[in-house]
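Peer 1: The primary structure of each chain is shown beneath.
2 protein chains.
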Amino acid sequence: MTIISVLYMKSSPHVAVVGATGAVGIEMIKTLEKRNFPVGKLTLLASARSVGKKLTFRGQEITVQELTKTSFAGIDIALFSAGGSISREFAPAAVQAGCVVVDNSSAFRMDDQVPLVVPEINAADCRNHKGIIANPNCTTAITLMALYPLHQAFGCKRIFASSYQAVSGTGAKAIAELERQVDQIVTGKPVTREVYPHQIAFNVLPQVDSFLSDGYTKEEMKMQNEGRKIMHHPGFRASVTCVRVPVYRAHSIAISAEFEKPVTVETARAVLSKAPGLQVVDNPAKSEYPLPLYMTEQYDCAVGRLRLDCALDNGLCFWVSGDQLLKGAALNAVQIAEELLKF
Amino acid sequence: MTIISVLYMKSSPHVAVVGATGAVGIEMIKTLEKRNFPVGKLTLLASARSVGKKLTFRGQEITVQELTKTSFAGIDIALFSAGGSISREFAPAAVQAGCVVVDNSSAFRMDDQVPLVVPEINAADCRNHKGIIANPNCTTAITLMALYPLHQAFGCKRIFASSYQAVSGTGAKAIAELERQVDQIVTGKPVTREVYPHQIAFNVLPQVDSFLSDGYTKEEMKMQNEGRKIMHHPGFRASVTCVRVPVYRAHSIAISAEFEKPVTVETARAVLSKAPGLQVVDNPAKSEYPLPLYMTEQYDCAVGRLRLDCALDNGLCFWVSGDQLLKGAALNAVQIAEELLKF
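Protein sequences, first through last, are from chains P and X. Every letter in the first sequence is one number past the one before it in the numbering used here, and letter 46, counting from 1, is 46. Every letter in the second sequence is one number past the one before it in the numbering used here, and letter 112, counting from 1, is 112.
Heads up, some of the hints might be wrong.
You can't tell identical chains apart in this list, so a pair holds if it fits in one copy or across any two.
Claimed, not checked - Okay, derived cross-link-like pairs now, BS3-like style, lysine-lysine, Cα gap no bigger than 27 angstroms in a straight line:
1) Lys54 / Lys34
2) Lys34 / Lys10
3) Lys69 / Lys261
4) Lys157 / Lys54
5) Lys286 / Lys218
6) Lys189 / Lys286
7) Lys286 / Lys173
8) Lys157 / Lys53
9) Lys173 / Lys342
10) Lys69 / Lys53
11) Lys54 / Lys261
If you're looking for bench data, these hints aren't it; they were derived computationally from the structure.
Just chain P, same shape as in the assembly (with noise of 0.2 angstroms):
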């Protein structure tokens, strides 16, 4: 990767959207205009099947251009999310041409010279990045919301985790894959499948992205290392089950914490309830407890469910929701562009 470190940011930036017409790329645009993020020029790129189409921005339409590797001239920053081989081959270039990338894929979350930011949890590593910065993958930035407070105050060992994974986690084709499928069964025809290997209607996969040679999914272990990176905690272990359910959008992960230091639900609600872009929703007695319905199009995570762990003997069980569209993309990603401003 050639090391360009932008230390300045203009103050109207031109921002280019890379998988403009995504479901991911959608409400990036929507998000930087709800949030006035202060645009000054707005360049959205994608495949070239995409070409032509007209999307709206501050009450303009944009027409969705060609990504190539000359695409990134004049641009200040560019948020991608066009999976991770589109962002190997072109991330290089845009960096090249002096761009800052957002890049929503898996594909340098990893790399030591990319940072990867909640900015919630660690901001200020965005400072260190040489052209790419990493979004995280959504379920470990929607845990990590809640999560991270607690390792702050408590200091996190391990956790235990199952997740409850939307379809909009695997894009726009996937949503209508369990629109056609609910409209299948209601209508008696037999059920297509194209996306996912199973009928998710009515149905829980335990399969969220391809398996390891451990038996883990790339998905499932992604909670481990990229926690590991964003909290900069290498000792923090996790063993997850990530499974995808038939919710359109918002994902839901039960967790159960191990902590070094004793905890108490009282404890733990006071610093939940300091977190930011983290809203404690826990009242049993009246069945209030994050709900992906009820998630959906907000930006803030919600936690609930509260309770110390009876397995663990310093642990804590809790059941964390959010739009994994939003704080587990898009709107992390706006984030992220908003911390480069401060620069």
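Dock chain X against chain P, hints included.
Peer 2: Only chain X this time, still in chain P's reference frame:
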């Protein structure tokens, strides 16, 4: 409770199903027929509003009768699945009449006088009954089908588990609620709720059963409490999050288990492949793992996603699915009745 020890069971007993028109009751009737249980006579009992309904058993229609305290004269075995309050009210009368009760509710499970039995695990406990034998919680039974053989081989210290529970666990009304909500969403109508506190269609609810003062639900603590009793393992610890998912039938559980002795995937697989009532479905390269959709109407449970747990030193991570109306309820009850025939 009146203590009557029924030591010898008739070879063609008169069987009653209490709660015959419920989701589990219907499966009990089907299971008695499919497994050729030597029913001498079948009496179907339910609440007053179901009286007169006809259900088919071995090609003959049987009329549902009203459950009263005098219903049990001449009945040898009564399979109860009508909720805890019905069991508490009527099971003692059944025992008084000389009947052996197999109770699917939670009413008597933790009673020292009542065996709690998964026949593949502790069939011998049936012999100590004093008129009532309890059928365990569905999620617990399905989990233990895989956990107990591993416990025998490696000594289980504790588990961390998260469930993915089908709506059929709540009963026929909940199945109807999911169907109705899906139809409402597909046709653009407002979503209505009758059974669950929140929409279940395209959502997940981190609440099954009511909350205890410690923040766990009753359902969550059944794994530890019932697991200790069934496995004869008073030191067993289980931290569980129980979650309702929009699946019609069959529960799944993601489990991290810690053992006393070293475990490998190979030794665990060898143990599990010999376990009764359990299929090993574990070929990640072909996306083969247990799925609730495929376990529907299966007697066996299935285990897969076997891997060394990366946050435990002697730990195994795995995934179990099973039909909660069958192994989690009706099948297990009929299997207990089969044990009674061996006396």
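Peer 1: Taking the hints in turn, state whether each one holds.
Peer 2: Hints, one by one, checked against the model:
1. Lys54 / Lys34: within (19 angstroms within a copy, 61 angstroms between copies)
2. Lys34 / Lys10: within (20 angstroms within a copy, 75 angstroms between copies)
3. Lys69 / Lys261: neither (51 angstroms within a copy, 56 angstroms between copies)
4. Lys157 / Lys54: Close neither inside one copy (48 angstroms) nor across copies (59 angstroms); limit 27 angstroms.
5. Lys286 / Lys218: Between copies, since 16 angstroms is at most 27 angstroms while 37 angstroms is not.
6. Lys189 / Lys286: between (40 angstroms within a copy, 26 angstroms between copies)
7. Lys286 / Lys173: Between copies, since 22 angstroms is at most 27 angstroms while 37 angstroms is not.
8. Lys157 / Lys53: neither (48 angstroms within a copy, 58 angstroms between copies)
9. Lys173 / Lys342: neither (37 angstroms within a copy, 56 angstroms between copies)
10. Lys69 / Lys53: Classified as within; 20 angstroms inside a copy, 73 angstroms across copies.
11. Lys54 / Lys261: neither (54 angstroms within a copy, 61 angstroms between copies)
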